[in-house]
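Trainee: As a plain string of letters, each chain reads:
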Amino acid sequence: MPEKLTWNEIKQKYDGEWVQLVDYDWDDSEPYPSAGVVSVHAPTRKQFDQLSKESSAYDAARVYVGEPKRHEANTILSCNMHRISLVAR
Amino acid sequence: MRTFRFDPQDDIPIVAAKICGPRKVKKIRLVFDTGCAVTQVHTGIIEDIGYSIADAESIASISGPVGDSQSGYVVPVAKVLVFGLNFAGLKVGAFDFYNFGKDDIDGLLGFDVIKQLQLEMNGPKGELRIF
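Sequence order for the protein chains is S and Y.
Per our numbering, residue 1 is the first one in the first sequence, and the count goes up by one each step.
Per our numbering, residue 1 is the first one in the second sequence, and the count goes up by one each step.
Since the hints were derived computationally from the structure, they do not count as laboratory data.
Treat the hints with care, since some could be wrong.
[Stated by the list, open to error] Covered, in the sense of this in silico footprint (three residues per stretch, anywhere, with C-beta under 8 Å from a C-beta of chain S), are these stretches of chain Y:
{"no.": "1", "stretch": "2–9"}
{"no.": "2", "stretch": "26–34"}
{"no.": "3", "stretch": "37–46"}
{"no.": "4", "stretch": "52–65"}
{"no.": "5", "stretch": "92–103"}
[Claimed, not checked] Here are the simulated DSSO-like pairs of lysine-lysine, each with C-alpha atoms no more than 30 Å apart in a straight line:
{"no.": "6", "chain 1": "Y", "residue 1": "91", "chain 2": "Y", "residue 2": "79"}
{"no.": "7", "chain 1": "Y", "residue 1": "125", "chain 2": "S", "residue 2": "46"}
{"no.": "8", "chain 1": "S", "residue 1": "11", "chain 2": "Y", "residue 2": "125"}
Just so it is clear, CB atoms sit at the ideal spot from N, CA and C, and this is done for glycine as well.
Please build the complete structure, drawing on both the sequences and the hints.
Mentor: As structure tokens, this is what we get:
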């Protein structure tokens, strides 16, 4: 079983990767976890999704580690202003 | 009253939430997005916790001001826990967030949830107070 790491240790070890944490400490009032055991990690969201789906962990946290792309120079992330059309099934 | 923190240095406010399905529970990060009518979560997470398009109430097509539309679906989720509150049966839009592969967001907490809250935001401090 891998050891439980602090969020700072996770950031140092898995920079630029998506990680799944089990046995995690994440206060509901905080935007980031404070610690956890990394059970799955991958450099892309697609690879990570696949590994996460294969994982048997019932309760897990997922988080991207590292500087988000939206923080790059000349990049702005705007989330709203979408129109959703629905067709009932 | 409870206080929830977001990073005041960040360009967008992101909060922690827990999403519970028939197979798994995931703690995720959602953009606090008053401009988004319906809460949306990355399809990979929706499917990981045990839903699929077979559970969808409706098929959805999403389009922005420019660019092609993207398809997804809307599924009632067993529980979404955020700000210490339980939103059971919340209808969540499942859409791929692969274009945001290197951004630390898993979806958008929409106005369908936010409008149910009495809240106060202190932007400089990065605090959301929920009453």
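Trainee: If you look at each residue in the stretch 2–9 of chain Y, do at least three have a Cβ nearer than 8 Å to any Cβ of chain S?
Mentor: holds (count 6)
Trainee: Take the C-alpha atoms of residue 91 of chain Y and residue 79 of chain Y, compute the straight-line distance between them, and say whether it is at most 30 Å.
Mentor: 10 Å, holds
Trainee: Between the stretch 26–34 of chain Y and chain S, are there enough contacts, at least three residues with CB-CB distance under 8 Å, for the coverage claim to hold?
Mentor: holds (count 7)
Trainee: Measure nothing beyond the straight line between the CA atoms of residue 11 of chain S and residue 125 of chain Y; if it is 30 Å or shorter, mark the hint as holding.
Mentor: 24 Å, holds
Trainee: Is the coverage entry for the stretch 92–103 of chain Y by chain S consistent with the three-residue Cβ rule at 8 Å?
Mentor: Result for this restraint: holds, n = 7.
Trainee: Is the straight-line distance between the alpha-carbon of residue 125 of chain Y and that of residue 46 of chain S 30 Å or less?
Mentor: Since the Cα atoms of residue 125 of chain Y and residue 46 of chain S sit roughly 34 Å apart, the hinted pair is violated (cutoff 30 Å).
Trainee: Check whether three or more residues of the stretch 52–65 of chain Y sit with their beta carbon closer than 8 Å to a beta carbon of chain S.
Mentor: holds (count 10)
Trainee: Count residues of the stretch 37–46 of chain Y with a Cβ under 8 Å from any Cβ of chain S, then say if the count reaches three.
Mentor: holds (count 5)
Of the numbered hints given earlier, the model fails hint 7 alone.
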